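Visitor: Sequences and hints are given; from them, build the entire structure.
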Amino acid sequence: MGARSLIVAGLLWAQVKPKIHYLPQIQNKTITWIAVAWTHAPHQWEIGEILTSYLVQEAKRPPFREQAESLGLLLDRWCNAEGAGLTVVAPRAHLIAAVEWLYSLFTRLPHAPDLSWQSAFHTYRKQWEGFSLERELFWRLYGSPTAPGTLSWEQVTFYLQTHLTIENLHLIVSGNPSFREKNYLDRLHPPLVPEGHYPANTATQPDLRDTVEQNLWAYPAYVALLIELPQPWAEKIAFLQAFFSRWHREAPPLRWKGQFWSSTTYLLQARLDGKSYNFLRNLRHLAPCDSAELLAWQAAYTLSRHQLLFYPQLHPEVWLTATVRGDSIELPDTLPSQRWWRGWSFSARGIWLLNDWLAVDTLLRTDTFPLPSPSKVAPPDFVWTGEGELPLSEWASALQLFWGEGQTSPCELIGYYKRVKERSKRLRHLHELRRRLIQQYHVPPEALRITLRLMPPDLSPKAIRLKCYAP
Amino acid sequence: MLRPLSFISFSLFAQAVCVLPQETNYLVWGIYHPLERGRGEALAYGIAQALFSDSLLKEVAYIHSITYTIQRIGPWLLIQGSATPEGLYAFFTALRGAVDRFPQRLQKGISLALSEHPLSPFFRYVYEDTSEIEATPLTISRSFFSYWKEGRLRIILRGRVPSPLLRAARLLTEGETMPIAYFPPELPPPLHQPPRQGNSVVYLRWSVPQPFTLSALIAVWSHIQALSRFLCEERQLACRAMWVPLPTGIEGWIETALPAATEQAVRDFLSRPYRPPAHSGAAFFSWLYAPENLFLSSWWACVWGIAPLPKEIPKPSPRELRRVILRCSTTAFSVSE
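Sequence order for the protein chains is A and B. Going by this note's numbering, the first sequence opens with residue 284, and the numbers climb by one from there. Going by this note's numbering, the second sequence opens with residue 6, and the numbers climb by one from there.
Just so you know, the hints here were simulated from the structure itself, not pulled from any lab data. Please read these numbers as outputs of a predicted model, since none were measured by experiment. Zero decoy hints are in this set.
For the chain B half of the interface with chain A, some residues (derived, Cβ under 10 Å), not all of them: (1) H284; (2) Y294; (3) E317.
List of simulated lysine-lysine pairs, BS3-like, C-alpha gap at most 25 Å: (4) K343(A) with K409(A); (5) K745(A) with K704(A); (6) K316(B) with K312(A); (7) K63(B) with K558(A); (8) K312(A) with K320(B); (9) K63(B) with K750(A); (10) K113(B) with K63(B).
In this text, a Cβ means the ideal position worked out from N, Cα and C, and glycines have one as well.
Guide: So this is what it looks like as structure tokens:
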């Protein structure tokens, strides 16, 4: 009976294995990106931070170091409110060896507060020694229950027993390994405890009240903000690229850093001058001002998408948090134009540290910063240079969106002519386009007006412009 | 070993447009040209700034979300950035227009400027460059034509490079490709005095025997990794260094607060008997494709003419690595302002 129960327990234990995720959408076939991640409660992220640093330090000791060099492995760590993990970049041919190496690193997990652990703990505390405004803002924003660097070994043991278990572990592999490799990875087991029972997460989210405080030392302004993100991943990326593009163009910060913090928030820490501070305080809605800005945002999204799909190691938090949570990251080539024109509401809450002198600073000039009204859509302004197909559907959608806001002055469909004898031909073409927009795309007739202008020297004679005016 | 070199000029006759194909639409690109004898940074940087401040080019860069930096690194003026293939095509086309319009731009006058790279003072000191030069329209015009019109420009493209983009890049470098004359800097006389302690740089240059091969690149790379580990972990003197590829080899600018001790440590390392690493191919391969090294690895491969990059893990023999390193000659000295 006892032997049978042991066999059953053994069989049950043998079934326990980490969850394996494959990311076939990652396009890099030369190098493979492997990550081992686990979830933890938000208030325990500091332990995750120290633990991952500890494991990275252990990986620099023999024999891991020599093995990593011979396999060509590049190790990195990740930690945020949702989880922590280790990532490895390896040549494609060394995929299995890299996973085995990563799993073997877990044999070095601390079982007692020995010298190695104390060294890692001391290194972590040392980097936050002295007064660091960034650290202070971060702790205040996230409300760590204990003062940083005063963790007890019991808390660490509790973390190891509850979060670093086989069931809680996720193995993420980029690309599409062969059937044999997948079979082999399925049979690999990390040397962790198969303990399945851990208490429910009772930690509450920190209170994200917006606080503006005066600070004698922080000049000009320091902020630690959590920015609300839209739900779909494509819109998250698009929103952030739009925000950074507008921010850096209108009122660039002095210094900033950011990371995806949770499923719906982005953590931004920045040092700002007066103009930039005003920009962030007053920004309520993010929508393109004109078609040039729309194109710039679309291009930024495209570039960011290419980077994400080819170099996942640059943004581990995107892939790790989504995969561990069970989201699938769908990144289409581009978002619909209407989605861009509609924009997103902007909400950033957190800690704003302001210096008194900022009020008298010459940089703080609110009159030179016109903000678009959040309830209105920016008037579209498109130019088609005569090459390729005329994007009538895009123009129609922008027109409908703009005209629906109760405009009074019509938009102009502007054509150009070089010689007087071309005027009638151009007028006929413009009227035909207007008819198509009205009949096919249901644009209100009062929204469009035809105008013909003399051709400027740097435009093609076939060019057509659609210009709307703000009321 | 310190080896005082007389002025040796070496000609690099590499391709004007160096393409490193990779299946990604996240293109890493660079435009670089040599500074004549490593001097004239103010002129070259001012011309580049004036070129890139062309309004049409700035508009195209904004619309296509192209970011770039212009800086002087070692004996080169370097403009590097990232873009999509479509955006870069528009950008290069607009840049070509800006180059054509530059003579008119010159009539409005340009202001000389210096690169703001943290190591810029050390670059200028080692190459005996000065920021105070006579900027007459004639000198500016001569520099512009010499760098941008007479075949000294080199372009690096890494990623998926469609043929229209390649054509646009070749239009920028049209004309006969001129050889690049490189004059290695010597130990400037004031540095014979021991430098005072402070934030400083140790200059190190490897002259690698021709022809450049992938094994030579791996040998020098692994030697540099060993040196970095020696200085950072064993001697704990310097952990940051910038490596700049040259037509004759590679130079390193090692940032340190203890220049005399670091120079001695570098000499100690170079005088040790060389032991080729057992496994360097895989580590080199990962370094080659790591995103943080994208530009440096591309630049190095292009300057040494080793394009295209290997698609599988290379396996150089230790004998070959030893042969390359033992035939290298090195120059090292500390630089202090």
